[in-house]
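Since the structure of chain A is provided, determine the placement of chain B on it from the hints.
These protein sequence lines map, in sequence, to chains A and B. 1 is the number of the first residue of the first sequence in this note's numbering; add one for each residue after it. 1 is the number of the first residue of the second sequence in this note's numbering; add one for each residue after it.
In short, the hints are calculated from the structure, not lab data. Any given hint might turn out to be false.
Since the list can't tell identical chains apart, any single copy or any two copies may satisfy a pair.
Stated by the list, open to error - Calculated cross-link-like contacts (lysine to aspartate or glutamate; reagent style DMTMM-like; alpha-carbon spacing at most 20 Å):
no., residue 1, residue 2
1, Lys28, Asp39
2, Lys351, Glu448
3, Lys492, Glu404
4, Lys445, Glu346
5, Lys42, Glu25
6, Lys42, Asp22
7, Lys491, Asp410
There are 2 protein chains.
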Amino acid sequence: MGSLDSNFPESSLPFSQFKPLDPEEFRKQAHQMVDFIADYYKNIETYPVLSQVEPGYLHSRIPNTAPYKPEPFDAILRDVQKDIIPGMTHWLSPNFFAYFPATVSTAAFLGEMLCTSFNSVGFNWLASPAATELEAIVMDWLANMLKLPKSFMFSGTGGGVIQGTTSEAILCTLVAARDRALARIGAENISKLVVYGSDQTHSTYAKACKLAGIIPCNIRSIPTTADTEFSLSPSLVRTEIEADVAAGLVPVYLCATVGTTSSAAVDPVAALAQVAEAYGVWLHVDSAYAGSACICPEFRQHLDGIERVDSLSLSPHKWFLTYLDCCCLWVKTPSLLVKALSTDPEYLKNKPSESDSVIDYKDWQIGTGRRFRALKIWLVLRSYGVANLQSHIRSDIRMAEMFEWFLKADARFEIVVPRRFALVCFRLNPRAGSEPGLIESLNRKLLECVNSTGRVYMTHTIVGGVYLLRFAVGATLTEDRHVVAAWKLIKKCADDLLKEG
Amino acid sequence: MGSLDSNFPESSLPFSQFKPLDPEEFRKQAHQMVDFIADYYKNIETYPVLSQVEPGYLHSRIPNTAPYKPEPFDAILRDVQKDIIPGMTHWLSPNFFAYFPATVSTAAFLGEMLCTSFNSVGFNWLASPAATELEAIVMDWLANMLKLPKSFMFSGTGGGVIQGTTSEAILCTLVAARDRALARIGAENISKLVVYGSDQTHSTYAKACKLAGIIPCNIRSIPTTADTEFSLSPSLVRTEIEADVAAGLVPVYLCATVGTTSSAAVDPVAALAQVAEAYGVWLHVDSAYAGSACICPEFRQHLDGIERVDSLSLSPHKWFLTYLDCCCLWVKTPSLLVKALSTDPEYLKNKPSESDSVIDYKDWQIGTGRRFRALKIWLVLRSYGVANLQSHIRSDIRMAEMFEWFLKADARFEIVVPRRFALVCFRLNPRAGSEPGLIESLNRKLLECVNSTGRVYMTHTIVGGVYLLRFAVGATLTEDRHVVAAWKLIKKCADDLLKEG
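With the rest of the complex left out, here is chain A (with noise of 0.2 Å):
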């Protein structure tokens, strides 16, 4: 210690031999960790995949307040074993064909871990340089893949950026082509701002447009129909924008979907394309869940006309074995975003950022603190190559069709709305003719039979007013002998309802 805190007055010497991060009851106690998680996830098949707890269940497990005194790491496993196991929703679990399954893979675990163990917070370059050079790099990667022209890439004249969730990069880039418009017809004119999506773009847009600040009258919400398989109708668009513009309105943001999340439905990106830069308005593609799928030369076609739009997003956490959080944002004009978004706080001044050499992340998200996030999908790309990745998703589909095929020869069933990618629409509708609403309530039964089983767990949606269910294949532990004990399941369920009534 030296001679300089000899001086220091002992009264105020070490009182706590607490050490919170001692590396050798970490190896310990992480070990037993990875035993816990190996084992939960080789038992995973044994829990009722949509959890049977009821609300409030865990208030008469855990007591009201914190302890005062250590308790022992064991004691806290045996409770997540016992209290937590069962109030989950096994997301993992092959029985789940629910929303969009949430991909995983042992890489992008050991990412996850590298990324925590780090704890880097790496809102500009200086604070963790390794943490935004990797993200350029793994975006550039990705851009590759999904075969994006080069003003998406650093390589180019674009970039990439890793959001947590899709709602931030619909969030960042609108406030971007918000401050663009408004830059041109003042701040205070905010009002006057109009956005587009249609009536399948995900819930979390029309979020996004009122956090902000684009006032709720002025967010279209365009009618899809069965006959474009609710794909957003580009002359519909057409016609709104020149309504808006007519009535002294400025439309400026538009989103399209490649995937939506009731019947993944495809949006027609480079017709729209044209209608949004015949009207300056910035458009944005979400594809959090069939972006991945565009890795693959037969999908790549839902992208077609990518090159004329201003940003798309792609959630890895969705289809690309890569746990949450994790969206892939691109945009052809980064210096926009960054105008929107920059800070420039004394205290984090530094010379690399004022050299203009470097990227500030920062500058491109809501926040400013930021996880080292591109490690996963690094550890990803690197560990299963491009290679296996199209097998993955080829893979998910083929048994999607599998169901598919099951439906097609069970004349009681109806695919409501062709299969897209891994997500297959469909009802019970055993004869012609019936009544809509007794044909919805017979589903909803279904569905609740199904769930409550504990053994498969899907969801339901309404497109074009019409009740059905979504069954989505592709959680990763799920194979064949799933999909076919799902098919069964809900043959019982829907026999045992037609015997009923």
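Quick look at chain B alone, frame taken from chain A:
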């Protein structure tokens, strides 16, 4: 497999044996990663704390495109060691005294592992009941530890939520306040809304205001001065508000800070609440850093008056041994938050949500998906207990006092702002009456000298026009010997500089 799928066309049968989450491979590789990380923590002192790489260093080391075929895990780990670690600024190094430290612990790491492993996307209760219920419980636990009134607890009339960062907490509460005001005056009057903070408020505040559509000229940054130790003056706030009201504007939100980023200044909560109440302004308290200290009775006074504010945020990832990202937000009127942030798409509708007997946390935040962050706080609180957490805070403060004591014993140094918590703001000022520009230049050189060694990392700020150096104690692995060594290095650099000049 049964007979069902044996009829599925052969050509479509599995063509890939790719299994990205095999539990036994997971176990093996995750154990290997645990050892890698434990070794990293063990050796962390041997790395330069501030990365010494040049901008662009990584490009030459990494291929331009993702590999087509898989690469072995060992090769990737070697590259982490060889290419990533040299580019890290090691936030967890015991020699990290920059910004505010990001403290961590074994328990929080285990919590992160568990959170990752479940990968639950708990947007609503049903999607992961345990995730929602544990979050509500730990938020009440923390509220109790901070002696917050029942009006912020679920067991009372309020409630809490875990956000990623303070930026999100501010944006969400600001939008709740904004929409409350707009409901009264009409959404088209958004450009009349005014918000208030001080010139010491975190830079993310102005950014959140801009994101929310507050027009830039209505974001008030009220000056602070040395004689109030850079805390926000309630009478100045009142004067500003009165002037704005007189000008026909609508005051809507005030952000007070307990522990500012530059100098850990503390705004007077109770007195500001009095002003805010008088004008119907939403008062938020940002205690990202110093809030954690308020679990010690001797610091709780800084939250006096908290029963009169509308919301409070605190980031356990700063001083509460919890890895990024984790910001706790409490609100007195959750319904205002939910009103501003709720979405209700068909595909997420479910009985528990409709029964109104559960919390759907998607309506308390920006995005939809969310990680099970409560686990890490739960593990920290249980593994260490309140007693150890209090010791941890006091031990960091004691080390800061020691550093302060060294400074006071050396007449060449001056403490520019009284030490608050574990942050010491000082400068080298060897000759009374020196020209301010000269002192600043001397201290810039001192900082450069210290940081370029890679043995210590600290940062600077400017308050009240004075350039000063910030020495923030608190990295989890920091012990007395590191503070002593840092002081010796600072002194050595000062000696050399003064000899030169």
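Hint by hint, here is what the structure shows:
no. : hint               : in the structure
1   : Lys28 with Asp39   : both (17 Å within a copy, 12 Å between copies)
2   : Lys351 with Glu448 : between (60 Å within a copy, 10 Å between copies)
3   : Lys492 with Glu404 : within (17 Å within a copy, 74 Å between copies)
4   : Lys445 with Glu346 : between (61 Å within a copy, 17 Å between copies)
5   : Lys42 with Glu25   : between (26 Å within a copy, 11 Å between copies)
6   : Lys42 with Asp22   : between (30 Å within a copy, 8 Å between copies)
7   : Lys491 with Asp410 : within (9 Å within a copy, 83 Å between copies)
In summary, the structure agrees with every hint in the numbered list given earlier.
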